[in-house]
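J.: Keeping the supplied structure of chain A fixed, place chain B with the ligands upon it in accordance with the hints.
Here are the chains, one letter per residue:
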Amino acid sequence: MPKIASFAELKAFGEQITADRDNEAILMTVCGGPGCQATRCHEVAAELRKELDSTSLNGKARLRVTGCHGFCEQGPIVVIDPSNIFYGQVKPADVKEIVDRTVRKGEVVERLLYVDPSTGKTVLTESEIPFYKAQTPTLLSQNRRVDPWSMEDYLAIGGYAALARVLAEIDPEKVISRIEASGLRGRGGGGFPTAAKWAACRAAHGEEKYVICNADEGDPGAFMDRGVLEGNPHSVLEGMIIGAWAIGANEGYIYVRNEYPMAVEHAKQAINQAREYGFLGEDILGSGMSFDIQVARGGGAFVCGESTALMASLEGKVGEPRPKDVHTVEHGLWNRPTTLNNVETWANVPAIINNGAAWFAGMGTDNSKGTKILALTGEVKNTGLVEVAFGTPIRTVVEEIGGGGRNGRAVKAVQTGGPSGGCLPESMFDLPVDFDVLWEKGSMIGSGGLVVMDENTCMVDIAKYFLKFLQDESCGKCVPCRIGVDRLLEIVTDITEGRGRPEQIELLKELGETVAQTALCGLGKTAPNPVLSTLRYFAEEYEAHINENRCPAGVCTELVEYSIDARTCNGCGACLKACPYAAIQGRKDKLHTIDLELCTKCGICLTTCNDNAVVVQ
Amino acid sequence: MHQNVDLVIDGSKISGRRGETVLDAALRYGICIPHLCHMPTLTDIGACRLCIVDHIKNGRSKVTTSCTLLVQEGMVIDANSERVRGLRRNIAELLVTQAPNSRAIQDIALRCGVTEPRYEFRSDDCVLCGRCVRACKEHYQAHAIGFVGRGQERHVEYPFREKPESCIMCRACVTLCPMSITPCDGPMKSGEGYFCGKCASLTQAPQYEAGDCTRCDLGEGFDCSGHL
Ligand SMILES: Cc1cc2nc3c(=O)[nH]c(=O)nc-3n(C[C@H](O)[C@H](O)[C@H](O)COP(=O)(O)O)c2cc1C
Ligand code: SF4
Ligand code: SF4
Ligand code: FES
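Chains A and B, in that order, are what the protein sequence lines are. All residue numbers for the first sequence refer to our numbering, where the first residue is 1 and numbers rise by one. All residue numbers for the second sequence refer to our numbering, where the first residue is 1001 and numbers rise by one.
Treat each hint with caution, since some may be false.
[To be verified] Under the rule of at most 30 Å between Cα atoms (straight-line distance), these lysine-lysine pairs were calculated in the DSSO-like manner:
(1) Lys525/A - Lys441/A
(2) Lys324/A - Lys1057/B
(3) Lys96/A - Lys50/A
(4) Lys1137/B - Lys509/A
(5) Lys1057/B - Lys317/A
(6) Lys1057/B - Lys525/A
(7) Lys1062/B - Lys441/A
(8) Lys1057/B - Lys509/A
(9) Lys468/A - Lys1137/B
(10) Lys1163/B - Lys324/A
(11) Lys1057/B - Lys441/A
(12) Lys1062/B - Lys588/A
[Said to hold, decoys possible] Listed next, with one range per pair, are the computed distances between beta-carbon atoms:
(13) Tyr465/A - Asn1004/B: 47 to 57 Å
(14) Glu497/A - Pro1040/B: 44 to 54 Å
(15) Glu1073/B - Ala203/A: 13 to 23 Å
(16) Ala203/A - Lys1057/B: 14 to 24 Å
(17) Cys602/A - Thr1041/B: 57 to 67 Å
(18) Cys1167/B - Ala539/A: 48 to 58 Å
(19) Pro220/A - Gln1152/B: 17 to 27 Å
[Claimed, not checked] Some chain A residues near chain B, calculated using beta-carbon distances under 7 Å:
(20) Pro323
(21) Asp325
(22) His327
(23) His331
(24) Cys475
(25) Lys477
(26) Cys478
(27) Val479
(28) Gly484
(29) Arg487
(30) Gln517
(31) Leu520
(32) Gly522
No wet-lab data here; the hints were simulated from the structure. All C-beta atoms, glycine included, are put in the ideal place defined by N, C-alpha and C.
With the rest of the complex left out, here is chain B:
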C-alpha cells in the first residue's frame, strides 16, 4: 500500500499521508479550516462541527467534518464553498452567543463571518469541546475529568464529583480550554447583549478571506501556528 494519497483541497493538489484526516492534511499545507474541538495529538470526536467541508464525490457533494474524514486517493474537498461557509457561520453564531465571553470563540466567530448575532446572548462557561477531557485522558492517562449527563445537562466533571487521586493539578485542562484562553471581561454584564468591542481582535481583525489565518488566540493556545 502507498503511504501517500493525492487529493484536492480548495483546488490545490496536495499529498496526504494515509491514515491522517483531511483537516490535518489541510493544516499541514496552510489551508486553514476553522476548528475548535480538534487538537493535534488528541482523538477527534467531531463535536463542534466547525471544520465541515464539502466532500465532492461522483458529482454530489456531502457536508462532513474534516477532522473525522480520512484522506483517500482522488478525493475532492471544498472547504470554502458558499454553502459550507454559510453553515459554518451559523454554527459559529450558535457558539458565540452561547459562550460570548470567550475571546477564542469570538475570534472564531468573527473569522467565520458572524457580524450581528441573531440570538440573545447566554453565558455558558463551557462549550463542551472536550479538549480538557481528552487531554487529561489521552496525554496524562489521568481520567480525572469526564462528560456527565445528557443533552442540556451535559457537562465536564470529576468522577463522583470529587477530585480523584489521579489529578496531579497539571492544569493542562485549563490551558487548553477555549474559555480560558485570554479571557476578556466580557459583554455579559446585565443589560448588555452585544459584543463590548473591547477585544482587540474584534475591532482589528481584517475581513475574513478564505484561507486567511488571523492567528487567533485559540490557535496559539493549541499551537496551531506550528503547522503554518
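Extracted from the complex, chain A is given alone in its bound form:
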C-alpha cells in the first residue's frame, strides 16, 4: 500500500474507493459483535461466504462482517442492502434461502423478519425497528458500515479526513478550543471536560508526553468500549492521533482489558495498517508530526482502570492507585505529562472535527453534550448496546428502545453507572441521561451500564451483590475501602439473612458517607453508591427485611419459605421428581406439600411447576 503523504492524496484515495464500490449491487452485513458471536454468527457468516463463492453471485454481492450493531437480543443479524432488509436470529440453515430468495430475486423471507413485540407487526427494514429508531447513532452506527479489518472501509466513510484537516490547517490550540466548544466530557466515568485535560497536559512542562486510551472496561455487563474498539478501531486511533497533535505527544498506548483478545487483535492490526498508510510513524501526512501507538494488555483487575493504577500497571508495577494530589496531566506515566481518555471519548474526536463543535454541542443538555453509548441489560425485552443523545429520558431507553419489562413484568428500577453506580426508582424515569443530574440523584452515568430491574428484584440483595463485587475488586490499600466496604457488606448481609437491626440503617448511611468522602481512589469513593442509593429510594425494602423479617421480592432465601398452593396444585408430581432434596411429598393427582425441614430453598420446584402452584413468601 502506498503511503498517503498529504490531505489531497487522502481525499482522492477516498473518492476512488467510493467510486469503485458504487457498482456493487448487494451488500450483506453480518454483525460479528460479542453478543452475536455468542449466538454463533460466525457460522452464519461462513455459510454466506460459501454460498457466495459457490454460486454465480461472486462480484454481484458482497459480504461484510462488522463489529457490534447493538441489537444483541436479535443475533445473529444479517442486513441486506441497499434495501435495508433486517433478518434476526438467523441460523446457518437459513442462509441458502436468504441467498436464493432475497439476494437473487429480491424477495423477502418473511419468517426471519423482526416482529415488534408491542404491536405484533413484522418490520421489514432495519431503520424502522423501534429499537434503532429512538437512538441517536453517531459512533455506533459507524460499526455496521466498516469491516474492522478494512482500512478501505474506514476511508470510504471519510476516515482520517479529520486528521488530515487538523494537520493541514488547525493549530493544536485551536483543536483544543474546538473540543472545548463542543463540550465533550470524558466517557470513562468521571465526565471530566476533555479540553481542560488536554490544555493542562499541553501546558505541562516536559519533552516527552503521552496519550493513553483506557480500554480496560472492567464493569460487569459493560461492553461499549469493546464494541467501539473492536468494531471501529481506526476511529479510536484517529482520535488519539488528533489528541497527540493537540497535546504535543509522540507516544501513545491503548490499555486493553486482558479478557478482550479480539479488541487487542483489532487494535494491533489497525495500528499496523495506519503505519502502512502513513497515519502513524514519522512525518504523518507530511506534517512533520511523529507519533506511534502501542497496545498493552491490562493487569486483569477492575481497579487497573483507575488512572493512576493504569499508569502504574503500564510501567510494569502492581496496578494500585496512588493519591492524586499531583495530577497525572503533569506527572503521569513515568512521571511525565500524560492524557488518559476513554475509548468512547477518543472516538468522538474525529466526528467533532468533521462535523463541527456546534453539531456536537447541539445534541444533549446544558452540561452534557453529544451522545452516550449505554449497555442495556437486565429484565428488559431488548438488551444490547444503544446510543442516545444526552438528555434522552431514562423512560425512553427502558420502554421505547428496551421494549419494557421482560415477560410483561413491571419494571421497578434501573441501576446505572456500573457496579459503583446507583439505583433509581421507576418514578424517576423521566430524568434525563445527564452526568450532573444523575450524580445529584445519587447515581451516575459512569461508563454507561444500565441494568433494568423488575418486581422480582430485591434491592437489598442488589446492594449486597455490588458491594461484594467492589469488595473483591478493592486493591486493599486504604482503610475506608478495604475495611469500610467490608463492614458495609457485613451489615447488608446481616439484613438479608434476618439479623438486621433498626439502628443499622443509620450506621449504613454514616459509614457509607465516610467511605465516599475519605477513600483514596474513585473505586472506594463510589463504592457506597449501591447501598446509599437503595437506602434513599427503597428504604421500605430494608425496613421489611429488618422489622418484619420479610423479603418483599422473595429473593433473600433466609427470609422466605416455599409452599404449594392447594388451589392451584393439580398433583402432576413434576416438582416431586425435580426436588433434589426429596423435600416434596404427595401422591399422583393429589395435593403435594413441601417439608420445610428438608427444603433448601434452591428454587428448582418453582421453575419446574407449570401451573405456578409453588409459592415463595
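T.: Structure of chain B with the ligands alone, referenced to chain A:
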C-alpha cells in the same frame, strides 16, 4: 522561587517549606493531626486516611489526606472541622474494631473520639499501614518484605514466602509496627467483644480536645514527640 509559603492551619498562620506536606508543617508547629501510616523520612502512601483535613479553596472545602497534600501559598486548612472529626472518628472506629489488640490503635481511636465501637471486634494482627514495608525498602534498601495480594487478601510477606538474604534481622519492621508497640493482652478473648479496660491509656486519657497531644505510644514508637 521562594523557599517558604504562608498557609493557615486551624486558624494559625504558619510558614511552610516548599515541598513539604501539610501534615509535616502542622506537626512542626505542634498542631497534632492524627496519623498512622505516615512516618517522618518515609514516602507517604495515604493508606490509613486518618490524617484527613478540610482543604478550603474558593469557598468550597474538600476532604483530603494531609500527608499527601503539599503546602501551597495561601492555602487554608481546617484539620479539626466538625465534618473532619466525624469522618476521622469513623475511620478510627474501623481500625480499632479490625485490630483491637493494638495499644497504639486504641490510643488513636480514643483520641479520635471512639467511645463505643459499633462493629463486632475482629482480631487482625496487621492494619496494612506499610510502615514496615517502607522502612525496609527506603531506610535499609533491603526490600525484604512487601505487600502481596489484593483486597481482603492483601498482606505483608517475604518475596516468594522465604526470608531473603537481604534481611539482616534489624527488626526495624517490628519496632515500627503499630501492632507491636506496647502490645496489650487484649480484649479478644473469646466472648469478650469490648475493650478490656486494662490499658492505662483507655482509662486515663483525657477527653480529646482539638490539638491536644496525648503522647500516645504510637508517637513514641516513631518519635513524633521530637516534633513537638
Ligand atoms: C475503579 C475505577 C475503574 C475505572 N475503570 C475505567 C475503565 O475501565 N475505563 C475507563 O475508561 N475509565 C475507567 N475509570 C476512569 C478513569 O480513572 C479515568 O477517569 C478515565 O479513563 C479518563 O478518561 P475520560 O476523561 O475520557 O473519561 C475507572 C475509574 C476507577 C476509579
Ligand atoms: S479506595 Fe479501594 S481501590 Fe482505591 S486505593 Fe483505597 S483500597 Fe485501593
Ligand atoms: S506489619 Fe505492622 S508496620 Fe507492617 S503494615 Fe502491618 S501494621 Fe503496618
Ligand atoms: S497518615 Fe496520612 S493517610 Fe495515613
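J.: Flag every earlier hint the structure violates by its number, smallest first.
T.: Hints 4, 5, 9, 10, 12, 22, 23, 32 are the ones this structure does not satisfy, whereas the remaining hints hold.
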